[in-house]
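Enquirer: Single-letter residue listing:
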Amino acid sequence: MREPVIKTEKLTKRFGDFVAVNEISFETYPGEIFGFLGANGAGKTTAMRMLCGLSIPTSGKATVAGFDVFTHRDDIKQNIGYMSQKFSLYEDLTVLENIEFYAGIYGLTDREIKDRTDELIQKLGLQKEAKHLVASLPLGWKQKLAFSVALIHRPKVVFLDEPTSGVDPVTRRQFWNMIYEASANGVGIFVTTHYMDESEYCHRISIMVDGNIEALDTPANLKKKFEADSMDEVFYQLARGAKRQAD
Amino acid sequence: MLNHITKTYNDGDIVAIDDFSLNVEKGELFGLIGPDGAGKTSIFRILTTLLLPDKGMATVVGYDVVKEYNAIRGCVGYMPGRFSLYQDLSVEENLTFFATVFGTTIQENYYLIKEIYEQIEPFKNRRAGKLSGGMKQKLALCCALIHKPEVLFLDEPTTGVDAVSRKEFWEMLKRLKAQGITILVSTPYMDEATLCDRIALMQAGKILSLDTPDNIVKAYPVNLYAFKDENIYTLQQNILANELTESCFPFGENLHVTLKDETDSSLQDLLKSLKERGHEQIEHQKITPVIEDCFIRLMKE
Numbered sequence: 001m002r003e004p005v006i007k008t009e010k011l012t013k014r015f016g017d018f019v020a021v022n023e024i025s026f027e028t029y030p031g032e033i034f035g036f037l038g039a040n041g042a043g044k045t046t047a048m049r050m051l052c053g054l055s056i057p058t059s060g061k062a063t064v065a066g067f068d069v070f071t072h073r074d075d076i077k078q079n080i081g082y083m084s085q086k087f088s089l090y091e092d093l094t095v096l097e098n099i100e101f102y103a104g105i106y107g108l109t110d111r112e113i114k115d116r117t118d119e120l121i122q123k124l125g126l127q128k129e130a131k132h133l134v135a136s137l138p139l140g141w142k143q144k145l146a147f148s149v150a151l152i153h154r155p156k157v158v159f160l161d162e163p164t165s166g167v168d169p170v171t172r173r174q175f176w177n178m179i180y181e182a183s184a185n186g187v188g189i190f191v192t193t194h195y196m197d198e199s200e201y202c203h204r205i206s207i208m209v210d211g212n213i214e215a216l217d218t219p220a221n222l223k224k225k226f227e228a229d230s231m232d233e234v235f236y237q238l239a240r241g242a243k244r245q246a247d
Numbered sequence: 001m002l003n004h005i006t007k008t009y010n011d012g013d014i015v016a017i018d019d020f021s022l023n024v025e026k027g028e029l030f031g032l033i034g035p036d037g038a039g040k041t042s043i044f045r046i047l048t049t050l051l052l053p054d055k056g057m058a059t060v061v062g063y064d065v066v067k068e069y070n071a072i073r074g075c076v077g078y079m080p081g082r083f084s085l086y087q088d089l090s091v092e093e094n095l096t097f098f099a100t101v102f103g104t105t106i107q108e109n110y111y112l113i114k115e116i117y118e119q120i121e122p123f124k125n126r127r128a129g130k131l132s133g134g135m136k137q138k139l140a141l142c143c144a145l146i147h148k149p150e151v152l153f154l155d156e157p158t159t160g161v162d163a164v165s166r167k168e169f170w171e172m173l174k175r176l177k178a179q180g181i182t183i184l185v186s187t188p189y190m191d192e193a194t195l196c197d198r199i200a201l202m203q204a205g206k207i208l209s210l211d212t213p214d215n216i217v218k219a220y221p222v223n224l225y226a227f228k229d230e231n232i233y234t235l236q237q238n239i240l241a242n243e244l245t246e247s248c249f250p251f252g253e254n255l256h257v258t259l260k261d262e263t264d265s266s267l268q269d270l271l272k273s274l275k276e277r278g279h280e281q282i283e284h285q286k287i288t289p290v291i292e293d294c295f296i297r298l299m300k301e
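The listed protein sequences correspond, in order, to chains A and B.
Counted from 1, the first sequence has number 43 at position 43 by my numbering; the numbering is strictly sequential.
Counted from 1, the second sequence has number 155 at position 155 by my numbering; the numbering is strictly sequential.
Any given hint could turn out to be false.
Each computed BS3-like pair below joins lysine-lysine, with the alpha-carbon atoms no more than 27 Å apart [said to hold, decoys possible]:
hint: 1; chain 1: A; residue 1: 142; chain 2: B; residue 2: 206
hint: 2; chain 1: B; residue 1: 300; chain 2: A; residue 2: 128
hint: 3; chain 1: B; residue 1: 272; chain 2: B; residue 2: 286
Coverage of chain B stretches by chain A, computed from C-beta distances (three or more under 8 Å per stretch; other residues unrestricted) [unchecked claim]:
hint: 4; region: 52-65
hint: 5; region: 154-165
hint: 6; region: 246-258
hint: 7; region: 284-296
These are calculated hints, taken from the structure and not from any lab test.
Quantities reported herein were computed from a predicted structural model and do not represent experimental measurements.
Just so you know, even glycine gets a beta-carbon here, dropped at the ideal spot from N, CA and C.
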């Protein structure tokens, strides 16, 4: 049995009387693309913050990349990658500076920083743009760069928070190819999205409603179980009953 | 409404909208569909008289956006992409403020917003800044509607909103349209395009196509096939490697494929070669494209 990269057991977060995340339990594995879905306010962000070591759970258990979310939060931060659409790169640093900055933050040696920076620039074909400000790059390139930077320290698991929102359909697909490639290299992928067609690209999906995980399975099994033609329909059936509305 | 509009930023370095023309009919629900950077927001700002075009001219309800901007401001409603109500006024105060600015009262046009406002009324004393995302959106829509505008401009009202709330929002728009309000709405979600009467597919400040969603789909020039197999990633690699293939991209649980040669024998040859490569369970069918397929094709042209 492979070691899970994320393992939670009845993980819970309360804010006063409000139970934002209610006893969620799941495991994800190396190379698995795990889609984390839910309506606005279902508790996705709170759950993700706990898993990234940014918020201390109220109760339950969880390990991420082998580290405990209660006692080893700094180790978690060192051993995961994170990317969101809203914030990832520094717009007023150059491409090169961004890569070096993140590599440095993650504690790579000077030698490693140099090698991996060269490798990355090669791979992305950004030789000409290496000394340009990130602000001047088209959105699609920024995104690919942000994803690569999130992987620069070779983490076991990477968290992608709505990585493709607002991107054109071609770039969106190119981005998913990068996700597949990382997955093929054994990186665990934990991804949220509002595009239901993208949920089909995941190996397994969980759907949160009002703080609970209401469904967790492969897209094919979920569609069978809910007698639905598309994930859109599955999601609609589950989330329609949601009582909460937050974010 | 818009005639050969061009807008550039940074002294012409960045062309946001390039010689853009568009005509929206009265009572129409018109969609601007495109990714970030397509120029959607610049168009909204020009039409709501918040931004001057560099070239070209535009009118809204018959008024010129430059010369008669004041008349336009009185008869349009605008919901920007970013929440821009007064965060430290309460829900009710915001609504009263907007009604007063436009010389009306909440009571006068209450019927227009009733259905939406009732959902946030329990929180009417809460400060707008403390509302959830969904409720902010509803309040912003109420404030844009309270003076009974002739044209409603909605800039990405559903971005970042979950699939269920998005559906509800579009149902709301349909009812507003039934009241005779012309609506110009933008969205990056291609699946919402079919809910509009007509749409403009936009990319980098230009219109790729402008028509009814049906006609855009009908204009798709080639046969489109959906392919499916256990390992979709290897299947895609193998299809792309085949010289018969024109394009192949993932779409939900399937791969969407077009061929260089439209004949049936070409399709059979491709299937045969894929089966030889181990895709024995491969399923395929001819499908009707959706707007996203059209957009992808138009982008590449």
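Enquirer: Next step is simple, just say for each hint if it's right about the structure.
Expert: Structure-based check of each hint:
1. 142/A x 206/B: It holds: about 22 Å lies between the C-alpha atoms, which stays within 27 Å.
2. 300/B x 128/A: 23 Å, holds
3. 272/B x 286/B: 17 Å, holds
4. 52-65: violated (count 0)
5. 154-165: This one holds; 7 residues, not fewer than the three required, reach chain A with a Cβ under 8 Å.
6. 246-258: Coverage by chain A holds for the region 246-258 of chain B (5 residues, Cβ < 8 Å).
7. 284-296: Coverage by chain A holds for the region 284-296 of chain B (3 residues, Cβ < 8 Å).
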